[in-house]
Amino acid sequence: MSSREYLLPLWLRLWHWTNAVLMIVLAVTGASLHFADPELKLVPFSLATTIHEIAGIALAVTYAFFVVANIVSGNWWQYVPKPPGVLHRCWVQTRYYMWGIFRGEPHPYPPTKEVNFNALQAVVYWTIMYVAVPVVILTGLVFFYPTWAPERMFGLDGLLPIAMLHYVAGAAVILFMVAHIYLGTMGVRPTSLFRMMITGWHEH
Amino acid sequence: MTIAGWARSLAMVLAFACAGVAARAQDAKGVVTDPAILEKNRKENAECYGCHSEAGYKNPPRADMDMVKLRALLHDPAKFDGSNHVGMNCKICHGQPYETYPHPAGLKQNLSPCSECHATKSLRVEKQFEDSVHAKNLKDAFTCQTCHDPHVYKVAQKIGDPRVIVAQDNQMCIDCHNSDLRYSKFSAQLSTQKVRPDLDTLHKWLPNARLHWQAARCIDCHTPVSKVKSLQTSHEILAKDKAEKNCVACHSQQSQLAARLYRYAATNAAADLGFTNPSYLGSAYVIGATRNPWLDWGIIGAFAATILGLFVHGAIRVVAAGLRGRRAS
Ligand code: HEM
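Protein sequence lines, in the order shown, are assigned to chains A and B. Per the numbering used here, the first sequence starts with residue 1, numbered consecutively. Per the numbering used here, the second sequence starts with residue 205, numbered consecutively.
No lab work stands behind these hints: they were computed from the structure. Everything numeric in this text was worked out from a predicted model, so none of it was measured. Take the hints with a grain of salt, since some may be wrong.
[What the hints assert, rightly or not] Mimicking BS3-like on lysine-lysine, the simulated pairs with C-alpha atoms at most 30 Å apart in a straight line are: (1) K41/A x K446/B; (2) K312/B x K262/B; (3) K408/B x K398/B; (4) K312/B x K431/B; (5) K325/B x K408/B; (6) K398/B x K449/B; (7) K262/B x K273/B; (8) K433/B x K331/B; (9) K41/A x K312/B; (10) K389/B x K295/B; (11) K41/A x K449/B; (12) K408/B x K41/A.
Whenever a hint applies, use it, and build me the whole structure from the sequences.
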């Protein structure tokens, strides 16, 4: 019988799944916009614009909530990789994913109430949540209000660099998400981390 | 055309035939390249501007004029100099008698129609124009001048910059479709007068319609591609149910904009950046059409590599767990 610990408050789980649904919706509609083509069977352009805009605004609101709630609850501290030995712990974690897991070794840094993330998670989550996602949201808002974009940049249309940044940063976030969902199967049982994200209880 | 008109045309043809050297190698009659004639035209036009310009109106040469009427007849010399007809003498189109003031009555009938000088092109344009909703429903009230102000209009080919082309060409339509006064004058020709539908309401389905007005032309959606190769644009404004509603017509790599609005845009140094439709880069980012295949393949490749890597990782995990399980039992 494995032990259980209540790790994740309700607000965080609600935020997480709202965020996840919005991200997937944004990824699908975003790809339909970028790769629009009469030959391809994607979400119709007009519908894709509408959905992407609504989901985009919803994500911005969700993100604002995330930032505020993290400050208020002190959860932001989890995202800070704590020296000394951050690099070393990242390496140990990487080695575990590349080797130890195949041999059935235990997790090197199992989550606790005090330290929910291992160092690798902290570094990656921090980069995604506080660099990539804000970039996607801010460039998305400029897309929404194109008059905010500079008239011209480097002799090109001012929206071009904004659009490229939105596309690349968005792709980075979704790339993270693909790996992130896979890493979600790395609990005691493949489903236990997903169950934790729903119930808040972590199985050791 | 009136008999006077015919006589004048004939006289003009003869005059141009004599001044053949000056009119050489141009596709319209009345082209002036001789600097002496250009200077003469400039001087004579300045006489007209003496009254028919903002400056002339503020400082009228005589006191007995109908200033209210004149107010509505002012022209901007700078605009005329930026138009197709720069360098032409006002009187070539308007007729000699305008030299004197008060102008004699009934001169309006003598105005040269476009076809008088642009015979071939007009013939082709007219065929398309006759099929347009305006010509069909509004009959004779709607002419070439209704859209083309010969003192201002400059052909897209000579403008080049898509933003400027869009501004000019859309103004032709908006001047009327956004003005109750002007619209109602024309819709009075209909059997039942039509209330002007609001442009924004009509195009509600188009997100950011106002932004589209600055980057795409009304005619890019409201006319078919011209079947006559020598014409850059079709004049056949289609009925509303035939207008382009398919976003992907513009928002895709095979965007029709490339063959229409952007055909004159310079494919400048930006082309080296490896984009498809490089002519867009300088004036608009068009989702779906402005794309860099290198970047696209890079991102698709990153996803493919990640997903493949994760599958392999997962497979090894399953196999390794199976082996461990067998060893344990
Ligand atoms: C791009 C969209 C996503 C982002 C930015 C994101 C972000 C996060 C963050 C920040 C956490 C940590 C929560 C905390 O404790 O503060 C987390 C945990 C988790 N997420 Fe997501 N998430 C995304 C999408 C998804 C999706 C679509 C799924 C699965 C359907 C998923 C499954 C999980 C699981 C299982 C955990 C807990 C396990 C672990 O931390 O490895 N996430 N996610």
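Comparing the hints with the structure gives:
1. K41/A x K446/B: Measuring from Cα to Cα gives roughly 24 Å; hence the hint holds.
2. K312/B x K262/B: 25 Å, holds
3. K408/B x K398/B: OK: K408/B and K398/B at ~20 Å, within 30 Å.
4. K312/B x K431/B: 34 Å, violated
5. K325/B x K408/B: 36 Å, violated
6. K398/B x K449/B: 23 Å, holds
7. K262/B x K273/B: 14 Å, holds
8. K433/B x K331/B: Holds. K433/B to K331/B sits at ~14 Å (cutoff 30 Å).
9. K41/A x K312/B: 58 Å, violated
10. K389/B x K295/B: Between K389/B and K295/B the Cα gap is close to 29 Å, so the pair holds against 30 Å.
11. K41/A x K449/B: 18 Å, holds
12. K408/B x K41/A: 25 Å, holds
In summary, the structure is inconsistent with hints 4, 5 and 9 from the numbered list given earlier, while agreeing with the others.
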